[in-house]
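Asks: Listed below are the residues making up each chain.
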Amino acid sequence: MRVLVTGASGLLGSEVARTLVRQGHEVTTFQRRPSGVDGALDILGSVTDDDDVRRAVDGAEGIIHLAAKVSFAGKAVDFQNVNVEGTRRLLERARAAGVQDTVFVSSPSVANSGSAIAGLGAEPADPQRAHGNYSRTKAEAELLALGFDAPGFRVAAIRPHIVWGPGDTQLVERVLARAGHNRLPLLDAGAALIDTTYVDNAASAIVAALHRMDHVHARSLVVTNGEPRPIGELLADICTAGGVQAPSWKVPGAVARTAGVVVEKLWTWAKRSEEPPMTRFLAEQLSTAHWFDQRETRRLLDWAPVVSLDEGLARLSDHYARTPYPKG
Amino acid sequence: MYGRRFGLERRDGGDRLVASSWPGVDPEWSRTIRVKSTSAVDSPGTTHRWHILDNGAQLARRGLTPAGTLLCVHGNPTWSYLWRTLVAAGSDPVHPWRVIAVDQLDMGYSERTGTFRRLQDRVNDLGDLSDALGLDGPVTTVGHDWGGVISLGWALAHPKQLAGVVLTNTAVNQPSGSSLPPALQLALHPAVHQWGTTTSDAFLRVTHSLAHPPLPTDVRRAYMAPYRGALRRSGVGNFVADIPVDEAHPSFSALQEIAQGLRSLSVPALMLWGPRDPIFSDRYLKDLVERMPHADVHRFEGAGHLVAEDRDIASPLFHWLSSRGGVAGTGSAGEDDPDFRPFWDSVEVLAGGTGSGETAVAEMGPDGKVSRSMSWQQLHRNILDLENGLREAGVARGTRVSLMVPPGVDLTVTLYACLRLGAVVVVADAGLGTKGLSRAVKGATPDFIIGIDKALAAASLFAWPGRRISVRDLPAGRRRMLRVETSLDALARKGGDSTGKPADHSDPDAPAAVLFTSGSTGPAKGVLYTHRQLTAMRDTVAGTFGIRAGSRLVAGFAPFALLGPALGAVSVTPDMDVTAPGTLTARALADAVAAIAATVVFAAPAALRNVVATADALDGSGREALNNVSMLLSAGAPVPEPLLARVQEVLPQASLHTPYGMTEALPVTDISFEQIQEAAAEAAAGSVPGAGNGVCVGTPVHGARLAVIPLDAEGRAPGSSPVTTPGVTGEILVSAPHVKESYDRLWLTQQQSVNPAGWHRTGDVGHFDAAGRLWVEGRLPHVVTAPATVVTPVGVEQAIERLDSVRLAAVVGVGPVGTQAVAAVVETVPPVRKAGPATQQLAGSVRRAARAVSVDVSAVLAVPAQPTDIRHNAKIDRTRLARWATRVLAGGRPGKP
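The listed protein sequences correspond, in order, to chains A and B. So the first sequence is numbered by our numbering: it starts at 402 and just counts up by one. So the second sequence is numbered by our numbering: it starts at 60 and just counts up by one.
Keep in mind that a hint or two might mislead.
Said to hold, decoys possible - Counterexamples of contact, computed for chain B against chain A with all Cβ distances above 12 angstroms:
1) 193
2) 276
3) 398
4) 413
5) 701
6) 747
7) 872
8) 874
9) 907
10) 948
11) 952
Unchecked claim - Some but not every residue of chain B turned toward chain A, in silico, with C-beta under 10 angstroms:
12) 196
13) 880
14) 897
15) 902
16) 951
Because the hints were derived from the structure by calculation, they are not lab data. Ideal placement from N, C-alpha and C gives every residue a C-beta, glycine not left out.
Bound-form chain B, shown alone (with noise of 0.2 angstroms):
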């Protein structure tokens, strides 16, 4: 950071130019140039002063020379001071780029013309001006709010200077059929507009409280300083008028041209997004990442319209600029692959086989009985059916389309027909919780929500966007309310009177799907899969766990319900809410094994315990049905050695197996109860070096490569190495055909966790054993740095819960990192009432089982219950546990955790 007090003082035209005052800048990136102008606006001959931050004297006098420059255009009513960050990253000696800022004329400290620049004016305007500077080498632009747009119309002039384009929230087009935000309607009204943008400095106030966290004082005043007086403020207000409402407007030719032009722009391009953006939300991105569809898409979940301020985007921008060419977008034409097997090709195969009219997906009913069924011929059927309808209301290889139906029939046909059609299937679930589900949604922009009424209730209520088809027809007066267009019943109606086209035999490297992580540590998180990525998972499913055409399974658990059909198995959807595992009943699932005379059951370890819960309630028949299930999957969060005895118990024929995976990667390992038993008492015994010190999640599956990266003692993984050696904690790397294509409009993210190359991140920690067994710790950010010690959660934790007084327990950091206290927060048998302080008897004990494993416990803390995550009902939340903790061992008051 530059000081403030350089003295540097400069009188200009009678502008105080004062760069000693702009926090962040160095006085000496501020110069003046005078411009020609030939811009239609000015009569010939007419110079302008420009005022402009630029490295380039600074970069020359250290004898660095630049990799390129960057040519950053800011919005209104900001001015160069918008992308101060960049400059000095540009000035960087490890990576000497030569960062130009301009001030745009009658903004910041240009020269106020007394002209009405237009947008043709504001475009011809910037190239006067780089022609001045002599800019003839590789330059990427980067623009924001309405300098965006400026950029991007330089960028089209200048093709044999343009190296790449990079843009913060702005916009190039009013999306059809919606209106223009709320926020610039009023600013442009006429009787709000001089007032509020040129008269008052309302619209530079409104501006600067977008910032999320707030502005420091200084920096506020610094965006104000150029700014005050309304003699000023004319280009502000003038901006705000040329914004291009209708066709009328003399700047919307301008504007649509540089809309169009987009489309034949091919130089690399990255957008960097604040979504938290009353002006330029998540649709103006989607409408500028179809005109570029190439380019590299960052969403920082959180931040707003200045997300320059928000965010540190110099540290993602250069690092975009040093690694791009070499990564390759998705949605790119692949080839032709004979050996590829479409998600789809077991249905078609089984309809068109000798067994085509015996059942393959099912519904059980709340009386036991099945409620409704399809053959595989009538499954195919309803899928080339819907297929074509959908096909025929619009959508298309790339069109998103949001599902919010419960897993079932209806979900099953739905989804093979959007994939058909190279349609990209959004799943996010109730799980997330209402604020996460609608931040979800509105992230990945679906083109389409197809959902059951109170999925599109809630689509009304939290306006997201998409348009509306509902699974039944709904009557006309509901049907208008929700502004529901069509039913998935009319459309198959619809399609199966249309002859229609052969099924779209995809790209399998075109995106197929997104869906969403918990979001346990942060927001939640698109993961994209490809075709041939779900396939993948398809066949290591088959693979590891030998379920093939003519195994029958029950569908209990709702990522591996879509799995049946692929896999050419007979699957049926128990009777139980699916979107809460806790309400399948013992009773229910016997009822769904005996249906279909089922041999595998798909089921949750929130679902599994209340199986055995309510497992008393099971009639002779019902026990006799369970007695056939030979093999039990739960997958979603660790399931207890005592419940799995429990389950054994209910089905005792069964191997029962708890692979370990997560959203990007599933699964990643088996284990069966015996293997966890092995591991356990080998673990005691000390037997096998490594084994110990966390849940064992046995060895990879089928395709499935796993290592580490160690920790270092601040809790990171910073190394590159991929190591398997037992005993060494790390952050646990995967490798696998089935892994994620990419995180979703997160590119920054999605480059960390590749790295090294052809290895996802996993986020967890954990480590080997000798046996190669892999053994879970936790999850990195949950790492506790003790003084000395790194201390993973899952291993002590477990020693704790070993206490009769004890049922869950977490294990959190408190206070700076390297040097944190660990606290141990534990529910207790039977609970507390209040949270607070545990007694000193149950804090020695606790105190002593941690030590026990090495662990020295600052404090314990009992809590009434530990706050769990919606999905699972199961992943404790840590972070607020932490952030609790931290208040009431400050001395604060416990409350609630």
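Same shape as in the complex, but just chain A (with noise of 0.2 angstroms):
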């Protein structure tokens, strides 16, 4: 199958794109920078220009869309240029190009007003709920993807949570530099479950699910390990393996979440261009449950994780023994 994957300079995009090619595709990335993806054809451009896009779609037969722009801070109109208006735009050129299959690659945040989640599975995607510009803006694609689901070009969103491994600069850098410089708090007692996606499953969930649009298409799916972690300990480990010192201080969580919206006011109305210390979305992430019912995920993709979390967490420290975190 010819397939296009979009946002393949990315820690998952770029496992994606490497496990299409494994699997004998043939395989175009889509981005503004190289992916570096041996045996894959990068087309270099964004899904904000139309021009690009054309170029991109043409003559693929299956889509996976990964290109969005993920950050906690930043102006609302560029996350919807991005977000929204570039899968918009993507879809419409990809129907008329004739392409059959699109994975709309999205996030279990879509669906998440700030409550725990414990066991449930995909709920409809809420851009009215959904918290900061990130969330909300990929709730709003997500249903507009999957408004395009029709016979002969069919759609799916696929939701993975929390999307870890070696390289990953979203999470696991993330925590390191802010554990490094003591500014990682542990909110409430650190107890919340969370469930995680090591890169490799989510990659392969990603493209199962292409294989698998018969059962799939016009519908979300929640991927996860299915292994939930109490936040301080995943936290503890992650800094184990990047041979950091885990966090220790404690802050109760309703008092992190205010702080966090005024910290993220004040950072954009800054226009201060690093991410803010505590955001709420980052509060809300660290301070409530969230993990989910993979049973349905699994039987419909016929799917399972290969990579457990030990076996990933392993694979961290292996990363980082090889080339140290920078100390803080």
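Grab the two chains, each in its own frame, and use the hints to assemble them into the complex.
Replies: So this is what it looks like as structure tokens:
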């Protein structure tokens, strides 16, 4: 199959592209920077540019759409342009170009209003209630993408939850950086159960979705390792793997959430480009449970994670043994 | 559930009838019918318009033939809406029944007649309606509140049609010596009545507020709908005014007639009760049960006056409709059985034998000497005297007598006297906790409470029902304050003087005792035993452990303490607080053993723990006495192997037995310390298929059979084919002559427990090994349903407890059934100061220990102390722990578990 992977320069996107290449598919990638994936053809460009998108979708049979603006800070309009309008543009052009199947890579945060999630499935995306620019625009984009689903142009949404692995800048290195600067508090007692997804598992699930469109089109599925852990222990394990001292100071969750909102606003107002020390999104992620019912996901995708949490941590540790994380 | 937007709207006589806005009601059921009245209150030729819910037309349209008709009568101030779940269930094609729920005249959406209709009129009104409907097939009446009385009035007037009666919180009689419930007194008070019931909607609001949990807004609105405006509420006020408060009341004789008539009703009867009712409390249920002793009764603990709202009554009711007839009630007179040996037989025999002067029972004092004892002859005499005294005081066959006397000579004498009289002894112990004990006593509705001072004070404080008898004579002031009528001493003196009747050789199948479960999985349940089952328990203990006439035993464990005389064994109660087993010292045990040269010891695990802890204080003679003990029995909770090893050091010659059982069947299996060690070795070596994963409790006792019903992926045991396949985990079933007769006033629970027929479902889970031994893996409600696997708690907890840093572990499930996360809650050595997530290191080792037995643990939490039950101080309250873990792992503050 000829498959286009958008956003293949990131941790997950490149792993998806690599997985497809390994399976013998003809893989094209589309993003602003080279993907670095051996055996894939890079098309450089942006989803905000119509000509770039036309070029990218040309000749593709399937698309895995990962390109998105992922950040805790930034202007709303930028998120809207990339995540919502970029997705709309991509899907419109893809449909016109005769693409058959599209996997939209989403996030469980599209259905998360901030309360604890303990063993639920994929709840409907809700832009009204999703917190933060990223989640809101991803929610809008997911609804938009699934709205495209039709016979001959099938669309599915896969929501991997907290993807991490060696080389991950989103979670692992943020945690290590904050822990290294002693800026990573444990909220409440750090007992909230969090399920995460090792990058290889997320990639294989996304690729499985493309092969199981009969079963999964028009649906949203959350993907995780299925191994919830208390957040404190998880962060400590990541720190241990990265050779950094684990966090120890505690902040009540409610205080942190309030502080997060204020800091988020101030940061945006001050147009600081670096990440704020605490955002409401991060506070929620760190202080309430987020773990999911994986039974339907595994049945529909006919898929199971291959790399366990412990195996993932061991690989992370190996990675930092070879390329040590710079101590703060 | 039927939608609310059917849009059907009718105008009828100016009353808005909007069936579409009644959640749960199919508008098709709602109809009105004009009925000619023959009631005395109306002039001849009067007709009235009735509103009813009736699924008859719907069934006919669907071509379904109903099995019968339910005629449902609401009380005050509700309406036919109360019965919507029954109409819906009757419309189910699986068990079609025609269900007619009426709105009484002046109530609901029926006509406001402008008359004051009294009980007699209302019973007659219902007859007019059933005539107009042409109900001639078999009819089962269903009633609630004052509608219960009216439905019974109809039932008595229509014996030809009547097939059964179902009652929910109602009353037909104000038990003598008691007063009207305060809530009704208030509603009837002249200053309140008009305003409270009619002018305002206060009476409606108060009634609706009795629902537990509160009614949803739309349901409350539907209840209120036909009663908006004072003019529409006249029926509510009249209903209250028609309550016969005394003999002078115009409706008194009509009510009396119905109350008396019930005694002649022989049709099947079902009573579904919400005991949390400030109006129709348990004493009214007791009154009804006495009038209809054959009735099946289920008390929904925690439900209240509006039991039809609080609980699903439709499922048990339709289950009952389909199964009744096959179930015999208890208390029926049995055949004479020449082989039956009454519970007290050994006492009679030994009292008349050559050894009649030898000690039968003894009590130890704090000085290490026998403080009280009786020979067989004295024991027998005392029992007979008290029997006579109790008979004169009014205790008779079937009388419920609550015994709140600590184990010892007094309890033994009282128990045997009551059993000889055919009374039903109710044994609720302080181990249930104050709240649980109070709930148990109130639910069992004893006629008498015999208790020590502390128990009688509690009876006063918590308003427990029953006439009160103290153990010793009390000073007059104290007696008056506690409303104590007499004492056991006084009764025995009186009984000794009277000639009396010989012992009532009781019906073996009559109820003899109600014991209570510990309530570790929900409210404590009353367990009813017949005489035959009590004697079977005696014979099982004799047959399994070889205890018989001439055996000498120390009774340090309450349930077995009472068996001594029945077994013909000499028994001594050691000096300890029997309600707190942990107070038995090695010294006190040795003194008791020495006092009667005992060879057998009964003791709870908590008592053993203290005996071991205080063994250093033993002197040479104490050690020597304990050296003569040849058997120890410890039951009530699992006894850990290391503890047994230490007990063996204290009792070097004793064979240590830890029988397994439950309040409903005691004992079920037996195993000795040597056999436990053997089983553990075989489990470790893997030499016996199925050995391991749980506590090995050994093989069935004399006369018992065991099996399991396999678990499904949701942690239930829905099947009905018992198996004994090695390694197959399921709910443990037991069949034995000493298994309970039934749960007391828990008809539904009883039905569920006897499935398949002939077996008792224990609520425990476990499996057999290839050697036929049973391994207990935990309680059924505590099974954790992780994705793709069911985790039973005991095996993995044992694996975790093998870690040096863990003293006690409990594994609980967090999250939805079928996809739960496994949480291990550990009490560490040394204990943590505050509850919360375990350290990274501890979590790692707990997780590895669990993984070694194939269980993936998501979270490890450490607590300063596990919450345990009061009775045994050994069973971890997992329900509470699971709730706590759920909260903490969702991100809540840990606090205390």
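Asks: All the hints need checking, so say for each whether the structure fits it.
Replies: Hints, verified against the model:
no. : hint : result
1   : 193  : 52 angstroms, holds
2   : 276  : 23 angstroms, holds
3   : 398  : 57 angstroms, holds
4   : 413  : 71 angstroms, holds
5   : 701  : 30 angstroms, holds
6   : 747  : 32 angstroms, holds
7   : 872  : 10 angstroms, violated
8   : 874  : 3 angstroms, violated
9   : 907  : 10 angstroms, violated
10  : 948  : 5 angstroms, violated
11  : 952  : 6 angstroms, violated
12  : 196  : 49 angstroms, violated
13  : 880  : 5 angstroms, holds
14  : 897  : 8 angstroms, holds
15  : 902  : 6 angstroms, holds
16  : 951  : 7 angstroms, holds
Hints 7, 8, 9, 10, 11, 12, counting from the list given before, are not met by this structure.
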